[in-house]
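Going down the list, the protein sequences come from chains A and B. No gaps in the numbering here: position 226 of the first sequence is 226 in the working numbering, and each next residue is one more. No gaps in the numbering here: position 59 of the second sequence is 59 in the working numbering, and each next residue is one more.
Among the clues, some could well be false.
Mimicking SDA-like on lysine to any residue, the simulated pairs with C-alpha atoms at most 25 Å apart in a straight line are [to be verified]:
1. 226(A) / 143(B)
2. 174(A) / 331(A)
3. 322(A) / 288(A)
4. 311(A) / 332(A)
5. 226(A) / 197(B)
6. 119(A) / 276(A)
7. 226(A) / 160(B)
8. 119(B) / 291(A)
9. 119(B) / 107(B)
10. 174(A) / 327(A)
11. 119(B) / 119(A)
12. 47(A) / 57(A)
13. 322(A) / 269(B)
14. 311(A) / 334(A)
15. 119(B) / 189(A)
16. 25(A) / 268(A)
17. 119(B) / 240(A)
18. 147(A) / 9(B)
19. 106(A) / 80(A)
20. 25(A) / 108(A)
21. 47(A) / 143(B)
22. 226(A) / 150(B)
23. 119(B) / 288(A)
24. 119(B) / 244(A)
25. 187(B) / 197(B)
26. 226(A) / 116(B)
27. 147(A) / 6(B)
28. 25(A) / 70(A)
Pairwise CB distance ranges (calculated) [to be verified]:
29. 121(A) / 89(B): 46 to 52 Å
30. 301(B) / 265(A): 53 to 59 Å
31. 119(B) / 282(A): 33 to 39 Å
32. 282(B) / 102(A): 29 to 35 Å
33. 79(A) / 235(B): 55 to 61 Å
34. 322(A) / 293(B): 53 to 59 Å
35. 268(B) / 265(A): 46 to 52 Å
36. 186(B) / 50(A): 53 to 59 Å
37. 175(A) / 268(B): 29 to 35 Å
38. 132(B) / 318(A): 50 to 56 Å
39. 290(B) / 85(A): 52 to 58 Å
The hints are simulated quantities; they were obtained by calculation from the structure and are not laboratory data. Please read these numbers as outputs of a predicted model, since none were measured by experiment. Glycine included, C-beta positions come from ideal geometry on N, C-alpha and C.
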Amino acid sequence: MTLSRVLTTAALALGLATTALAQDKTKVGFIYVGPIGDGGWTFEHDKGRRAVEAHFGDAVETVYRESVPEGADAERAITEMALQGADLIFSTSFGYMEPTLAVAAKFPNVKFEHATGYKTAPNVSTYSARFYEGRAVQGHIAGRMTKSNIIGYIASFPIPEVIRGINSAYIHAKKVNPDVDFKIVWAYTWFDPAKEADAATALIEQGADVILQHTDSTAPQAAAEKAGGVITFGQASDMSEYAPLPRVSSIIDNWAPYYIARTQAVIDGSWESVQTWDGIGAGMVGIGEISEAVPADIRDEALALKNAIAKGAHHPFTGPLKKQDGSDWLAAGEVADDGTLLGMNFYVEGISGQIPN
Amino acid sequence: MMLFGSIDPALLLASLMVASTPILLAALGELVVERAGVLNLGVEGMMITGAICGFAMAVNSGSPALGFVAAAAGGAGLALLFALLTQFALANQVASGLALTLFGLGLSALLGQGYVGLKPPATIRLNIPLLSDIPFLGRVLFSHDLMVYLGLVLVALVWAVLKYSRAGLILRAVGENHEAAHALGYKVVRIRVLAILFGGACAGLGGAYISLIRVPQWTEGMTAGAGWIALALVVFASWKAGRVLLGAWLFGGVTVLQLNLQAAGLAIPVEYLSMSPYLITILVLVIMARDKSRAPGSLGRVFYATQ
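Generate the whole structure from the sequences, applying the supplied hints.
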């Protein structure tokens, strides 16, 4: 027998052994858009993954791939993970929507969970958090705190989730400060610290003294700290290393309970395709501690707003509201339905500029 | 003076210098490497390694200057690995370079674990009496950190050395035809190793410029493709130092400009603004490259000495 024959046999035996071993464990995979150390979006998803490991111990094995670009390359990464024997795969960025569906069609026995998307399949669920509820609280604080009345907003991609956040923050800033103006910069990236810092700097140089961000790294916080006299909010993660200033509060994504529940469902065999969209009330969206840089009265107002949203007493999109072009959207007292919110592609009245296509 | 309502041109030009310095440094280093006939695709890996080495040293010592020294050393250290692989083990340069990038990204993530959320000591900006106080020009030309000027000095040095000095002539000879250079008695491998180390040090400095000045913080993967931009810049600049400077300014400048135009609410569709840095840089450099500039003759080819 030649050496290569021996090696092939050995490899085969090893392969069989690992397959047998893998069948005992439930394998859960995660696809990340940034590095796990981004300090924001991906960091929080990975915290959820670690919570799954801690909760299930040896019963579950988790794997992840970080910095997977959105688009064609994502399909390859997700396919690889399915081929490695993952039973459940969380793809954690909007741009993975089509790749996830494409791979799911090829692996009907694998369960897929796509974050922030809107397309499902028998083996594809979607899940997201109502970040716009947190944006409402942010907008309130921003509107009350700004002295220049210019609020800078670093947006990522023109997708409904980002547009919802801008609208929600604007509505609540405007409510407490009619003179407020939003300057919006589209960075066209989720994660590029240098570009995010450049965007923050550009906004600050043009007079913004509050920076809101919908990108994943803490770079805008660092840029704001360097400039001085500017306040920011943690995005996706608490970013408390920049508290009490410039970071005065944050929106925290809490994925752990969802990840644990869905993994349990796969283990039990009760997994079904669902569309989950939870907010502050269910604990999927958290508001990070409001730092002492915020005066007590503003902090109390913000917390009252947060509680009202959590209890369902206040919906961030409550009429009367008009669209940017002046047409009517919501009558007085009317609240937006989830369908409109999920597909939101317009600014509310008062925001200047156009949404890129 | 204000443009489009709220853009201050002095601040804009100052930001341009900051945004272009990292890719300028990295591209200059790679230019020298490629002129010596070696293609090192590991620029991104060397940059990110420099970013964390510089950051860690600056935080621990409290001195940004020491940080930059460490960044250069870190970048050169990683480049040494590439030199060992390609010049002594005669490994494929493309594969080694790609591996170097992956290795650098992983290594930097490991080294940086204790440094997330820390603040580096501030790098002081130059303040020359009289000169820095000139309205407009003072802010644009005479109020930067030393690294900006170092980048400009390096452009002049690389250009002059390559064009006028004997050392530059030998380096180019090695890059154009390594067999001929070897036959003339030049130490091809030694010259290439030195060029590779220089390239690594420059990439390291560029990376540290991002982590110590432009952002300033440490985040995993924070170079986010700047190394690849630098690589592309060398090609589009036809392996000429002056054009690398122009390309870096264009790219950095248009990047910052388009963000400022967006913030100012200029009525140009954001899609166009967003792709403009790539388009304009490539367009200008391609038009300039109509003269018959071409890649160094031995670029990327493995050399081993025959007796």
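Open item on the list: Let me make sure I understand: some of the numbered hints might not hold for this structure. Which ones are they, in numerical order?
Closed with: Of the numbered hints given earlier, those the structure breaks are 3, 5, 7, 11, 21, 28 and 33, listed in rising order.
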